[in-house]
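Below are the chains, spelled out letter by letter.
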Amino acid sequence: MNMDQNNDLNVARQGFEASLNKLQSDILLLGDLVIQAINKSIHSLKTRNIEKSQEVIKDDDKIDDLETEIQVLCVELIRKEAPLASDLRRIVSALQIVDELERIGDYAEGIAKISVTMGKLVPINELVLIPKMAESSVNMLSKSLESYTLRDFSICSSILEELRSKDKEINAMHKQVQSELLNTIKSDSSKGGEQATYLMWAAHNLERIADRSKNIAERSLFQVTGEIS
Amino acid sequence: MGKIDNATIASSGSNENIIKFDVSNNILQCENLSVNYGEVAAIENVSMGIPKNSIVSLIGPSGCGKSTLLRCFNRMNDLIPQASVKGSVRFFQNEIYSDNVDPTEIRFRIGMVFQRPNPFPKSIYENIAFGPKINGLTDNLDEVVESSLRRAAVWDEVKDRLNESALSISGGQQQRICIARALAVNPEVILMDEPASALDPISTQSIEDLIVELSSEVTILIVTHNMQQATRISDYAAFMLAGEERIGRLIEYGTNEQVFGNPKDSRTEAYVTGRIG
Ligand SMILES: Nc1ncnc2c1ncn2[C@@H]1O[C@H](COP(=O)(O)OP(=O)(O)OP(=O)(O)O)[C@@H](O)[C@H]1O
Ligand SMILES: [Mg+2]
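Just so you know, the sequences run in chain order S and X.
Number 14 in the numbering used here belongs to position 11 of the first sequence; there are no gaps in the numbering.
Number 1031 in the numbering used here belongs to position 124 of the second sequence; there are no gaps in the numbering.
Just so you know, the hints here were simulated from the structure itself, not pulled from any lab data.
Quick reminder that beta carbons are idealized off the backbone N, C-alpha and C, glycines included.
Heads up, a few of these hints could be off.
[Said to hold, decoys possible] Derived DEER-like restraints, expressed as beta-carbon distance ranges:
1. S:E79 <-> X:E1064: 34 to 40 Å
2. X:S1075 <-> S:E72: 48 to 54 Å
3. S:V14 <-> X:F928: 50 to 56 Å
[As the list claims (entries may be wrong)] A short, non-exhaustive set of chain X residues, derived as facing chain S with CB atoms under 10 Å:
4. Q1135
5. T1138
6. E1164
7. Q1165
8. F1167
9. N1169
10. V1179
11. R1182
12. G1184
Taking the hints into account, I'd like the entire structure generated from these sequences.
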């Protein structure tokens, strides 16, 4: 292997490396938009701020656009670089993770739409468990994105372990929310029942967000091990 | 030249990044193989098994000794005066560097295809009939020629011009003629040294298809600089690298999935991802 050849290679490699770094920062940017959307959708649901809910719906377009942009970058890198080994795993996991993030964005948008549909309905009780579920889900999502950037076997596998048990906790919270809301539906045939039905869907979306955050942690571990779980 | 020096066969160091096969299933097996050109060492202590009916690719930067290693497997290095080979190569458990082994016979049973198609300046027919004739297999020569050309997937293209010069056809066709020539003596192994590097993408594709097809009956060891080609066709891949002292060594040998998907050695990773060349 001669030096000149290696220098040429390094130049080619530098460009590729820069694109891989851009890919990662774009994904973190997308993750940030999605987290903002979840927080805002829950806060506006709780405070009955229809205007803010509508903003979440509108902002989902930004998430979709960034998703497309990242996918285009991935396809271009596959076409130009024909990546192998860790490069291939990075791009494959990036494609999977943007897909998860976009879907999570849709769940946040869904919560905002529920809030808009609820309109003037005022919560019978202050929402407690749903915002708690949201907080845990967002926490899971940030951890999963951290795992994605770290690319270290022991850290990524312990984060995945943690998120798997957090996911179970959220499932349990979801069950509790469901049964409380079911009781309201049974006992309150008027506005309270209608409102509880809407909130059921919001809780369902949060449960899905937690599940997909766990998926992101799985994809992040794949990035390191190459094993599909 | 071409002799093994038993005294120098060291106990093979165990490298866990080199896949070990059940020896009884290996068609070829080398142990502590080292080659010098004059005083200069080219490869050192290569030990690897080649399972029967597999496609194994040899990869690594230019000058790391891939061609040198490949030539050891059919004693082609005997033809290079300054080359000396130490270590052992067994073909079906038999040492090919033993005194009683005829290197010409070995080269028929372990055929070779080179980077540039090298048909003889004779007719297509004569190119294919050459090996069988030398081996006294002159019965049904027409059939042997046809079936070899068919196996090399070039029959339809040349059947009407068998008496034309093999040099009059395209490079991709010439390369398949060379493969047919190797196949005509029913080899058990074919060694290929960058067989598609001088060909256009379509000819390359047909050579790749042919290699995969042949592997049901023939074992194939192929040197390639094209990582995508290696990962498309091979069952196993071996990565060689020459360090500072410029002596080629086997660094990693594993399944296609391992070497191109998740290499164990960081140097393999660096090579397949284009960080070193
Ligand atoms: N006939 C020869 N005489 C002297 N040195 C040789 C000879 N053939 C090869 N070498 C040397 O042996 C080393 C290994 O060469 P070899 O051709 O096996 O490498 P390679 O991996 O096949 O390279 P490439 O990818 O460029 O074909 C190199 O340093 C080369 O210069
Ligand atoms: Mg070579």
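Structure-based check of each hint:
no. : hint                          : in the structure
1   : S:E79 <-> X:E1064: 34 to 40 Å : holds, 37 Å
2   : X:S1075 <-> S:E72: 48 to 54 Å : holds, 53 Å
3   : S:V14 <-> X:F928: 50 to 56 Å  : violated, 40 Å
4   : Q1135                         : holds, 5 Å
5   : T1138                         : holds, 7 Å
6   : E1164                         : holds, 8 Å
7   : Q1165                         : holds, 9 Å
8   : F1167                         : holds, 5 Å
9   : N1169                         : holds, 4 Å
10  : V1179                         : holds, 5 Å
11  : R1182                         : holds, 6 Å
12  : G1184                         : holds, 4 Å
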